[in-house]
Amino acid sequence: MSAAASADYEMVVGLEVHVQLKTRTKAFCGCSADFGAPPNTNVCPVCLALPGALPVLNQHAVELAVGAALALDCKVNATSVFARKNYFYPDLPKGYQISQYDRPLAEKGWLTIGELDDGTPVRVGITRVHMEEDAGKSVHDRYAGATAIDLNRAGVPLIEIVSEPDMRSAADAGAYLRLLKQILSYSGVSDVSMEAGSLRVDANVSARIRGTTELGTKTEVKNMNSFSAVERALDAEFARQVALLESGGTVTQQTMLWDGAKGETRPARSKEESHDYRYFPEPDLPPLVLDMEWVARVGRAIPELPDARRKRMIEDYEISAADAELLTASAGMSEYFEAVARASLDPKAALNWVMGEVSAAVNAAGVPIDEFPVRPADLAELLRMVREEVVSHTAAKRVFARMVETGKPAAQVAAEEGLQKVGDDAALVGWIDEVLLENPAEAARYRSGETKLQGVLVGLVMKKSKGRADPRKVNQLLPERARA
Amino acid sequence: MKSPPPRAPASAAKLLSRPLTECVASVREGAALPSDLVSAAFDRADDIGAGGESLNVFLATDRDRATGHAQELTALIGRAEAPGNLAGVPVAVKDNIATLNMPTTCGSRILEGYVSPFEATVVRRLRANGAVIIGKTNMDEFAMGSSTENSAYGPTRNPVDIRRVPGGSSGGSAAAVAGGIVRLALGSETGGSVRQPASFCGIVGVKPTYGRVSRYGLVAFGSSLDQVGVLARTVEDAAIGLEVIAGCDQFDSTSADVPVPRYELEKNAGLKGLVIGKPREYFPEGLNPRIAQECERALEAYRELGAKVREVSLPNTAYSIPVYYIVAPAEASSNLARFDGVRYGLRVPSERGLTGMYEATRARGFGPEVTRRILLGTYVLSAGYYDAYYKKAQSVRALIAQDFRDVFASGVDVLFTPTTPTPAFELGAVKDPYEMYLSDIFTASANLAGVPAMSIPIGGARGLPVGGQIIAPHFAESVMFRAAFGLERALAGELLPGEKSA
Numbered sequence: 033m034s035a036a037a038s039a040d041y042e043m044v045v046g047l048e049v050h051v052q053l054k055t056r057t058k059a060f061c062g063c064s065a066d067f068g069a070p071p072n073t074n075v076c077p078v079c080l081a082l083p084g085a086l087p088v089l090n091q092h093a094v095e096l097a098v099g100a101a102l103a104l105d106c107k108v109n110a111t112s113v114f115a116r117k118n119y120f121y122p123d124l125p126k127g128y129q130i131s132q133y134d135r136p137l138a139e140k141g142w143l144t145i146g147e148l149d150d151g152t153p154v155r156v157g158i159t160r161v162h163m164e165e166d167a168g169k170s171v172h173d174r175y176a177g178a179t180a181i182d183l184n185r186a187g188v189p190l191i192e193i194v195s196e197p198d199m200r201s202a203a204d205a206g207a208y209l210r211l212l213k214q215i216l217s218y219s220g221v222s223d224v225s226m227e228a229g230s231l232r233v234d235a236n237v238s239a240r241i242r243g244t245t246e247l248g249t250k251t252e253v254k255n256m257n258s259f260s261a262v263e264r265a266l267d268a269e270f271a272r273q274v275a276l277l278e279s280g281g282t283v284t285q286q287t288m289l290w291d292g293a294k295g296e297t298r299p300a301r302s303k304e305e306s307h308d309y310r311y312f313p314e315p316d317l318p319p320l321v322l323d324m325e326w327v328a329r330v331g332r333a334i335p336e337l338p339d340a341r342r343k344r345m346i347e348d349y350e351i352s353a354a355d356a357e358l359l360t361a362s363a364g365m366s367e368y369f370e371a372v373a374r375a376s377l378d379p380k381a382a383l384n385w386v387m388g389e390v391s392a393a394v395n396a397a398g399v400p401i402d403e404f405p406v407r408p409a410d411l412a413e414l415l416r417m418v419r420e421e422v423v424s425h426t427a428a429k430r431v432f433a434r435m436v437e438t439g440k441p442a443a444q445v446a447a448e449e450g451l452q453k454v455g456d457d458a459a460l461v462g463w464i465d466e467v468l469l470e471n472p473a474e475a476a477r478y479r480s481g482e483t484k485l486q487g488v489l490v491g492l493v494m495k496k497s498k499g500r501a502d503p504r505k506v507n508q509l510l511p512e513r514a515r516a
Numbered sequence: 003m004k005s006p007p008p009r010a011p012a013s014a015a016k017l018l019s020r021p022l023t024e025c026v027a028s029v030r031e032g033a034a035l036p037s038d039l040v041s042a043a044f045d046r047a048d049d050i051g052a053g054g055e056s057l058n059v060f061l062a063t064d065r066d067r068a069t070g071h072a073q074e075l076t077a078l079i080g081r082a083e084a085p086g087n088l089a090g091v092p093v094a095v096k097d098n099i100a101t102l103n104m105p106t107t108c109g110s111r112i113l114e115g116y117v118s119p120f121e122a123t124v125v126r127r128l129r130a131n132g133a134v135i136i137g138k139t140n141m142d143e144f145a146m147g148s149s150t151e152n153s154a155y156g157p158t159r160n161p162v163d164i165r166r167v168p169g170g171s172s173g174g175s176a177a178a179v180a181g182g183i184v185r186l187a188l189g190s191e192t193g194g195s196v197r198q199p200a201s202f203c204g205i206v207g208v209k210p211t212y213g214r215v216s217r218y219g220l221v222a223f224g225s226s227l228d229q230v231g232v233l234a235r236t237v238e239d240a241a242i243g244l245e246v247i248a249g250c251d252q253f254d255s256t257s258a259d260v261p262v263p264r265y266e267l268e269k270n271a272g273l274k275g276l277v278i279g280k281p282r283e284y285f286p287e288g289l290n291p292r293i294a295q296e297c298e299r300a301l302e303a304y305r306e307l308g309a310k311v312r313e314v315s316l317p318n319t320a321y322s323i324p325v326y327y328i329v330a331p332a333e334a335s336s337n338l339a340r341f342d343g344v345r346y347g348l349r350v351p352s353e354r355g356l357t358g359m360y361e362a363t364r365a366r367g368f369g370p371e372v373t374r375r376i377l378l379g380t381y382v383l384s385a386g387y388y389d390a391y392y393k394k395a396q397s398v399r400a401l402i403a404q405d406f407r408d409v410f411a412s413g414v415d416v417l418f419t420p421t422t423p424t425p426a427f428e429l430g431a432v433k434d435p436y437e438m439y440l441s442d443i444f445t446a447s448a449n450l451a452g453v454p455a456m457s458i459p460i461g462g463a464r465g466l467p468v469g470g471q472i473i474a475p476h477f478a479e480s481v482m483f484r485a486a487f488g489l490e491r492a493l494a495g496e497l498l499p500g501e502k503s504a
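Just so you know, the sequences run in chain order L and G. Counting in this note's numbering, the first sequence runs from 33 upward without gaps. Counting in this note's numbering, the second sequence runs from 3 upward without gaps.
Check before you lean on any hint, since a few could be wrong.
Stated by the list, open to error - Per label pair, the in silico range of CB-to-CB distance: (1) G:R354 <-> L:Q285: 24 to 30 Å; (2) L:K140 <-> G:A294: 58 to 64 Å; (3) G:G156 <-> L:W326: 44 to 50 Å; (4) G:R312 <-> L:G331: 51 to 57 Å; (5) L:R135 <-> G:N270: 44 to 50 Å; (6) L:A176 <-> G:R165: 54 to 60 Å; (7) L:G331 <-> G:K394: 49 to 55 Å; (8) G:D389 <-> L:S170: 32 to 38 Å; (9) G:R9 <-> L:A176: 56 to 62 Å; (10) L:P71 <-> G:R354: 24 to 30 Å; (11) L:E278 <-> G:S384: 37 to 43 Å.
Simulated from the structure, these hints should not be mistaken for laboratory data. Since this is a predicted model, take the numbers as computed values, not measurements. Even glycine gets a Cβ: it sits at the ideal position worked out from N, Cα and C.
Turn these sequences into a full structure, and let the hints steer you where they fit.
In structure tokens:
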């Protein structure tokens, strides 16, 4: 394929994102929805589909699903209907999945994923948000020649977020996914972890001649386990389709699997029969009728979303747009920053510390911010100690490192490690005299008027004091000790 | 070798032929022991050959366990802790209702040997009221049939005439009651499976309003139609039984939060002023003359007791069988998908991988009637035909339900109709599936509309029982029982032998 040919085509992408809701229990029974329990321990007659078992809808799942829909600016339907999606698969215990079909929970939302050079916002339409349950898991590598089934995941509540085919590049898709993840995380409806399987992405992609409006034949790409994999898979699939079209071929509507190791998409083993899910309304569950006042209350209870938070933080803390952008990348980090800023009354110092030391330590520890051992109040206390010159800036970094290790409060660490500033003249004089004695050549040059050596000597005193010396006082005392 | 269990005292055997209230009173007063009643039930089953080739009433019984339960009850009664309405009463349960420690096979090979690890809400309620479950009764496979000839474990015979079918699909439960083994049995209905065998066996069968009784633990056939029902000798026994199992259940989202009245209080309510609707569509030209005659006699009795009989019309009645045979198989095709050989029940290995295993298991596990309905249901739900069949059927179903609402809104309290178009037929006599489907022609509408309905014996035709059906508005079981009590009393003396003079 020539580069020119590729440039003649435009990528058209729509995404289907499955998100696991952060409920304690499953969608239709009281079993735990926790990830990672021993196989087949979080199961009961309902999620095992034993004969005679019936589903009962988890109200908390509805609340989270409604919250997600509203956070995506969707219109929530007063009445939605559960349906059965029928197909045979060993990890699908009932032989059907309870989902929503022609009357979903919510419709017609959007996300603004960026803006054009002229400031026009780039919007991706959200077709629908509907509730459904997860299937179990087939384990193919546990027993030779046999497949094991783990039904812990069967019945875990999901929402499916279906976008319009409004994205035009892999980068668009990446931006959409990152923003979607951010919003779902901020609104507290999901853990949105691709690693833990609580967020899964399928992509519908087609290619068309640039400038045309008709949609080309699409393929569905599955099996992508990170956002960057989604972007790479889209580029690879687009290239494959363009090459096919350029050589006079046609794209077949089929499911493609992304092979990250080979960097290519390949057709999934096609089932001979076409899918006919024989959807019909689930007779075991009455239609889901929502009180619209309750829906409004759920909407009001949604925590502040990233866009709003960015704008507010720029105003409240007088920080730059770029800093606000970085800080709000994660809900937890921005909340941490705000707590430190409010408690320390020093947003600028808070920003420096959170973006610097805290980010580095959190990344190094590999823990989520809400499990980080230094609580915002403790960091604020450390900042206060710096401002009030109880510890030097240098010593503060050592104090912080110990706080990360031990989780102890700043004042205690500073006291235990002897890191408080020392302003006591006797001690300072002692350190200065030692430095002058140990560095006779520099001391002599200094005495002879080479005043720029003041900084070097003060630095040596600070080092000798392990950062405890008050540098202002050292600067005052040094000239008279040198003359003494 | 184990010696045969001792026979129950004659008094206990006699007690089993008395009304439930008398059985329970005797137990509570200590005049009879629950274990004697249980022994009497098993003795009666042995005497009439219920377990063997002859009647084939039960798919499973557990005498030891039932006796154990009865003894636990005796201890409770001694401490006055078991005041339940069914204290010590032996009860039989249709085999599509989940019970602990006994098989639940639905009369199918695909569930052979399956023992449910949980218990249906209705069974829990029976036990909580002191009932002793003595066995699981035979049935048409997955409740699909009108004769109990479709059981994978052989047909049940009608105790009134063993050459004939007991009706279906709750034929085993109907035979257990009609044969005098138990005073009360649970059945289930999707299109008439309690009322039709009640009619064939000369007993009372009640299908409550959809939502009145929990379906949790009832193995689903047509979920939007299924209800657990009761089979009993008398209207009063049925009223007591229904009251025990009825009521809202948090484990069934379709169960209704509607208070449960005391149905047996309708016993002395009388019939003065009651308006009985006689729907003309249920009395067609070609109706079996003996059945027509018995129905007219019942209607005459109503008039004599002070009720008004008014001819009414339910214009969409003719569509009930076609609509039923779209909706029920559609739901069944989905409900029965879980029987796939993966987790429980039968698994037939195959060389052709997973799909081969599914196919082999289901081909061997399901009988011909079940297979027929799964195919039918799969077809009517499939993409190209959904609108033409399933969706259309649901629209017509709404019209059928509207017919009932209209007629009840016009001032009619209950409807009276024949329960079945014929008396019990001989085993093997009905071979054409469609002809068999017509057995439910007068009963299916009530399931489609979700209204309560019951069958009570109204006489006989050449020695075979004839049932009359009473249909009431949603959740108006009380008025249905009132009409049934009145008719039962009016016809007293002309019931089956052993039921004379209530």
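Status of the hints after comparison with the structure:
no. : hint                          : verdict
1   : G:R354 <-> L:Q285: 24 to 30 Å : holds (27 Å)
2   : L:K140 <-> G:A294: 58 to 64 Å : holds (59 Å)
3   : G:G156 <-> L:W326: 44 to 50 Å : violated (55 Å)
4   : G:R312 <-> L:G331: 51 to 57 Å : holds (54 Å)
5   : L:R135 <-> G:N270: 44 to 50 Å : holds (49 Å)
6   : L:A176 <-> G:R165: 54 to 60 Å : holds (57 Å)
7   : L:G331 <-> G:K394: 49 to 55 Å : violated (39 Å)
8   : G:D389 <-> L:S170: 32 to 38 Å : holds (35 Å)
9   : G:R9 <-> L:A176: 56 to 62 Å   : holds (58 Å)
10  : L:P71 <-> G:R354: 24 to 30 Å  : holds (27 Å)
11  : L:E278 <-> G:S384: 37 to 43 Å : holds (38 Å)
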